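Novice: Turn these sequences into a full structure, and let the hints steer you where they fit.
Protein chains: 2
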Amino acid sequence: MKDRALNTEILSVGTELLLGHVTNTDARDVSEMLSKIGINVRYHTVVGDNPQRLRECVEIAKRRADVIITTGGLGPTCDDLTKQILAEAFGLPLVEDRAEREGLYDYIKYSKSFTPNNYAQALIPEGATVFHNNCGTAPGCAFQKDGRTVVMLPGPPKECRAMFAESAIPYLKALSGGEIVSHSLRIFGIGESAVDQMFRDEMDKMSNPSMAPYAKECDCLLQVTAKADTAAEAEAMIRPVMERAAARLGEYVYGVDVECIEEAVFALMEHNGLRFAAAESCTGGELAKRFTDIPGASAHFCGGVVTYTNEMKSRLLGIAPALIAEKGAVSYEVAYEMAARVRELSGADLGVGVTGLAGPDGDGVHEVGTVFVSLAAPEGVWVRALRLGAHRTRSFIRRMAGNHVYDMMRRYMSGLNVLEPGAEKTI
Amino acid sequence: MKDRALNTEILSVGTELLLGHVTNTDARDVSEMLSKIGINVRYHTVVGDNPQRLRECVEIAKRRADVIITTGGLGPTCDDLTKQILAEAFGLPLVEDRAEREGLYDYIKYSKSFTPNNYAQALIPEGATVFHNNCGTAPGCAFQKDGRTVVMLPGPPKECRAMFAESAIPYLKALSGGEIVSHSLRIFGIGESAVDQMFRDEMDKMSNPSMAPYAKECDCLLQVTAKADTAAEAEAMIRPVMERAAARLGEYVYGVDVECIEEAVFALMEHNGLRFAAAESCTGGELAKRFTDIPGASAHFCGGVVTYTNEMKSRLLGIAPALIAEKGAVSYEVAYEMAARVRELSGADLGVGVTGLAGPDGDGVHEVGTVFVSLAAPEGVWVRALRLGAHRTRSFIRRMAGNHVYDMMRRYMSGLNVLEPGAEKTI
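Order-wise, the sequence lines are chains Z and V.
If you count the first sequence from 1, position 423 lands on 423 in the working numbering, and the numbers rise without skipping.
If you count the second sequence from 1, position 283 lands on 283 in the working numbering, and the numbers rise without skipping.
Since the hints were derived computationally from the structure, they do not count as laboratory data.
Don't take each hint at face value.
[Stated by the list, open to error] Straight-line C-alpha distance at most 25 Å; calculated DSS-like pairs for lysine-lysine:
# : chain 1 : residue 1 : chain 2 : residue 2
1 : V       : Lys62     : Z       : Lys62
2 : V       : Lys158    : V       : Lys205
3 : Z       : Lys216    : V       : Lys158
4 : V       : Lys216    : V       : Lys62
5 : V       : Lys216    : Z       : Lys158
6 : V       : Lys173    : V       : Lys158
7 : Z       : Lys158    : Z       : Lys227
8 : V       : Lys145    : V       : Lys327
9 : V       : Lys62     : V       : Lys36
Just so we're clear, the structure is a prediction, and the values are computed from it rather than from any experiment.
Specialist: As structure tokens, then:
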């Protein structure tokens, strides 16, 4: 097996990152794509729009990385200086790219916010490969010099992602020897710590393939990675490891190589030809939002209601005010009715409901984090009672409540026990 | 004025960040809080769970920063090594903190996923101030040595944020000389580039206070920052600059020091004692989700419907199938009806509607990015027609459509022209 490990540093430029105005999603996106083509990311660095400090960071990156990928600082505002500093650090002059300059003439016609300083974007380090920006105006570029590879990408996340996928990956792939392949089991119902404990002995004995658990906000994953000369060999090394791990984790595995549980639910709905509708209280539309983030959601999601007040639960779903008064809006009974009625109202195959206390304020009856989630199907209605933790944030409780709804749906569609709540405590 | 600028580096430890499994929100959160207490963040670094590389990063940080803040690597899994390496780099032994160890005994009773390796969390560099973790098990700590200040925080975002606010800020505040104050005008309707152009001459002449525009995903902001001996002096320096800028930007300013446009809308609804309801198609619940992210939303949001299919538009809102057939679901008329009918159905003061094409697939009639947003009030119904760009992502189109709805609401409540769509093009 060839082994030309290409150590990479992602250098993001922008004072707005250091001020905390924006999150560095570019470094995440680029890292994720790099790991899939077998290029190791060793460092992320963020530095502000300051020539001297950027220069020093470039010097450090030149010493410790084979590939330097910059994000940001290619745009039209005056503090954008990435190209200047990188060109200077590698002793290259900046020259105007005619095609890019002409592209800018075209763009100006369609944009109200285009200003003369935008033309500096057409300057490129001499000899660099120009990456045209299909989603914005600032082009990126790449060059090799002094045994280093430099790739420069624009900062806006959509532009950065698109340019990386379309132009930088083909450029970089040619440099990488061997293939690295990773697959992940996505897990809901037991935590990273428990998964780590469960596989610790096995993991300690492994090197290639290797295996490691990672925590996500509301679930976790177990990743298996192998390096080989070809992708097919790496796949063959991974397969038996994945199969054994999946068998041990059993029904807690909701998917392989999926991004989130709603994606697994989408695939199961596709497979079973089903549609659902949602009645949400404390999640306030987030459950629907998450499913409709997936392109093509309309084939499996009819819609639903956000009944944020008691009055709306009666007006939109026809739940008897007396039931709400007697049992409370946060109750087994109201959750039951929400799923059953939204299913009826919509004509969907499945109906789901969520009612609970996302906090920060309680209702004087239940503690924050008390949530009832429900699933109505032709066979009946299930309600899962959750205590997600009074110390948890509103956003965690809302997201975790949604995960439980999706977990019930995937368990129903997979023929598993719908109510098994994993490691969560029930009321 | 005292000037002991404390240059800070945030060093985040975790291979999951380099693999792109998670985004480095900790660095963002800590940066945002630091900027408010006048501590300059100069660098963010991310390094994996590798002792040698972490050691090298600590050496670099020691050279270029006065304050080193680490996030991550304090937890129970075996690759957590931040405390070890930092203690070693500053020549401090690790000693067990009895209070923390006893706290762990308590915790174990309540947690299914607690495992023996969790006890290593009670080890602390000798002499360090221990920061108890009120949201998890791993304590943080801080110490000063060799002219440097080191603060170690846990990786999980909620724990990191809470510990930083509760323990690290008081610790750091004592070190910082002088006060830095920042305020921001949040702007919707014109882009960062145009704002930069508008204020460029003025900004070039300023140093303290200083002014700079920053782009956010779907809007932008203009930030004014001043340093002085006291916060009151800094405030007094900022005030006239903010006032002049706000007057020039006029109705495009939706708020001062707010996080997002829905927060500005929330404040206006609070001020006017109003409630609204939403009928969403292409945003699929995101509009409601965004408003209900705000604690206390239920006072101003009744709820709404997500009518993702044509059938649901008729079933839930009673829109005539003939109208949808004749005009199309993505039309001025259907948007008009959605806002009007959800207002009626809910009894709310205002009703809003969104229907459009978020992509990636079109409908054969309109291009992706075509969206109609509507607002129904006692005075009538307004519909804004948008072309948000066929090259834009689904998530951008959904978010921007939501911003336009909120922009109409804030313009209505502020007595401005509801339909002025800023720099966006209308159909």
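Novice: Hints first: check each against the structure and report whether it holds.
Specialist: Now the hints, each set against the structure:
1. Restraint check: the Cα-Cα separation between lysine 62/V and lysine 62/Z comes to about 19 Å, which is no more than 25 Å; the hinted pair holds.
2. Simply put, lysine 158/V and lysine 205/V have alpha-carbon atoms about 41 Å apart, too far for the 25 Å limit, and the pair is violated.
3. In summary, the hint linking lysine 216/Z to lysine 158/V is supported, as the alpha carbons are separated by about 12 Å, within the 25 Å threshold.
4. A C-alpha spacing of about 32 Å is found between lysine 216/V and lysine 62/V, which places the hinted pair above 25 Å, so the restraint is violated.
5. For the suggested pair lysine 216/V and lysine 158/Z, the alpha carbons sit about 12 Å apart, so the restraint of at most 25 Å is met.
6. Taken as a hint, the lysine 173/V and lysine 158/V pair is honoured in the structure, with Cα atoms around 21 Å apart against an allowance of 25 Å.
7. Distance check on the hinted pair: lysine 158/Z and lysine 227/Z sit about 30 Å apart at the alpha-carbon level, beyond 25 Å; violated.
8. Proximity of lysine 145/V to lysine 327/V is assessed by CA-CA distance (about 71 Å); at most 25 Å being required, the pair is judged violated.
9. About 23 Å separates the Cα atoms of lysine 62/V and lysine 36/V, which keeps this hinted pair within 25 Å; it holds.
This entry does not satisfy hints 2, 4, 7, 8, going by the numbered hints stated previously.
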